[in-house]
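Chains as they are written, first to last, in our numbering: chain A, 1 to 280; chain B, 1 to 133.
By construction, these hints were calculated from the structure, which means they are not laboratory data. Some hints here could point you the wrong way.
[To be verified] 20 angstroms max Cα-Cα, derived EDC-like pairs, lysine to aspartate or glutamate: (1) K89/A / D76/B; (2) K96/A / D91/B; (3) K103/B / E272/A.
[As the list claims (entries may be wrong)] Computed far set for chain A versus chain B, every beta-carbon distance over 12 angstroms: (4) K128; (5) K196; (6) Y198; (7) L209; (8) V257; (9) H264; (10) E270.
Predicted model, so just to flag it, every value in this text is computed and none were measured. Glycine included, C-beta positions come from ideal geometry on N, C-alpha and C.
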Amino acid sequence: MEKSFRYCLSLFLTLYFQSFTFAQTDICANKAIRDSLITRYLDKGAHRYGYTHPKWEIYCDSLISICPGIAEAYREKAIPYIKYGDFGKAMSLEDKAVELDPNKWIDYRAFLKCIFTKDYEGALADFKLARQYHPEASIMDHFYSFYEGLCYLEMGQYKDAEKNLKQDIRLQKKYKSKGIHFNTLFYMGVVHYEMKNYKSAKKYLIECLKSYNQFPDANFYLSLIYLHEKKHSLALKHLELAKNAFENGYMFIEDNVYYCNYPHQISMYEVEQAINSVHK
Amino acid sequence: MDTTFTISPTCVSCKNAYYYQVQGKYPKSSATLLTEVTQYLSNLGRTYKGNGYVTFHLLIDCQGKPSQRVHVLQTDESYKPYHFTNTYVDDLFNYVKSLHQWKAIKYNSIIPVNYYTYLSFKIKNGKVISVLP
Chain A
1 MEKSFRYCLS LFLTLYFQSF TFAQTDICAN KAIRDSLITR YLDKGAHRYG YTHPKWEIYC
61 DSLISICPGI AEAYREKAIP YIKYGDFGKA MSLEDKAVEL DPNKWIDYRA FLKCIFTKDY
121 EGALADFKLA RQYHPEASIM DHFYSFYEGL CYLEMGQYKD AEKNLKQDIR LQKKYKSKGI
181 HFNTLFYMGV VHYEMKNYKS AKKYLIECLK SYNQFPDANF YLSLIYLHEK KHSLALKHLE
241 LAKNAFENGY MFIEDNVYYC NYPHQISMYE VEQAINSVHK
Chain B
1 MDTTFTISPT CVSCKNAYYY QVQGKYPKSS ATLLTEVTQY LSNLGRTYKG NGYVTFHLLI
61 DCQGKPSQRV HVLQTDESYK PYHFTNTYVD DLFNYVKSLH QWKAIKYNSI IPVNYYTYLS
121 FKIKNGKVIS VLP
């Protein structure tokens, strides 16, 4: 009697847990339920605390334990790690998000590789894949071509950098009505500066400063061109403008600049060094 | 590697923030840091191998002094666990210890804080090619 009771109990438990697994699979396949879980665990869960709070990860892990196939959970879980330089943990989570939903997350991983981990070859490979899903899309305020331009700039492939930034300008003209972004103009200036095309570099940097005249980095690179032209008083003027801008809180404008330095970004230190060298 | 924990006595009761909450990046550009670390390593006259990232997590106290306690992370170029030689990691850590311009930060210009920050070295064929963040 006891033996058959145990058998029945075992059978019941097996069927119960199997039905739970099937139920979990079923609910996770339902988009409406998935969306409501994302709302519950991310929008109204993790996001209420912020990614520096331990509950951020607990909410992400809870969502993963309910539906392991929701890419957003991995992407969100990665945020504190990428922002604190734990690239091993961050990128394995980003890889999982991309594996689950490449259409949605491949461009974000490309952006991270370009700006956060300075993995320019990896970023270019990801942007190439991203373009298969979204040929003329943008991520973090810029078209893919902008970031590709930055990758090539940092790899020293200036012609390719110029080509991609020109494409970025074309796309901005096609899709945006606000004029060309000052950072695109800035990087066009930097690329031409690196190619020693000082006339073009100056043109782009002056154009950039018309949009954002306190931009310390643009004033700095413009001063380098004036130094090259032996126009020391103009160079000094732009270095002083850069210094003054830093002192008044102006800086490189990008959402993620608080987390990492952008390519060719400078600081007050470089400005002061340059001013000292002009005075010598 | 000496990672003894020290913090200025006046900073013990301060709250801890992250560098990105208080604009606590090291006040030199990545390009300048790259030039400096390259020179530093070159002066040691050693050769190194490997590809990937060596990252030092640090706590900067409210007086702008780095705690000696660090957390070291290492990955290969695909972000998988990897170990560079102890000599290489020690040399990079000694370079990090030579940086003395960390900012003493007051939150909202009033409240002194300690802050967590990091420096990461991206390495290709044994050579540092980028300094992050």
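Going through the hints against the structure:
About 12 angstroms separates the Cα atoms of K89/A and D76/B, which keeps this hinted pair within 20 angstroms; it holds. Distance hint between K96/A and D91/B is unfulfilled; the C-alpha atoms sit about 34 angstroms from each other, more than 20 angstroms. Note on K103/B and E272/A: the hinted pairing holds, with a Cα-Cα distance of about 17 angstroms set against a maximum of 20 angstroms. Every CB of chain B is more than 12 angstroms from the CB of K128/A (nearest about 17 angstroms), matching its label as outside the interface.
Here K196/A stays apart from chain B, with its beta-carbon at least about 18 angstroms from theirs, past the 12 angstroms limit. At roughly 19 angstroms from the closest C-beta of chain B, the C-beta of Y198/A stays outside 12 angstroms, upholding its exclusion from the interface. At the 12 angstroms boundary, the C-beta of L209/A stays outside the reach of chain B, the nearest C-beta of that chain being 20 angstroms off. Distance to chain B contradicts V257/A as a non-interface residue, since its nearest Cβ pair spans about 9 angstroms, not more than 12 angstroms.
For H264/A, the condition that its CB be more than 12 angstroms from all CB atoms of chain B is violated, with the nearest at approximately 7 angstroms. Remark: the non-interface label on E270/A conflicts with the geometry, its nearest Cβ contact in chain B lying 6 angstroms away (cut-off 12 angstroms).
Consistency with the previously given hints fails for numbers 2, 8, 9, 10, ordered from lowest to highest.
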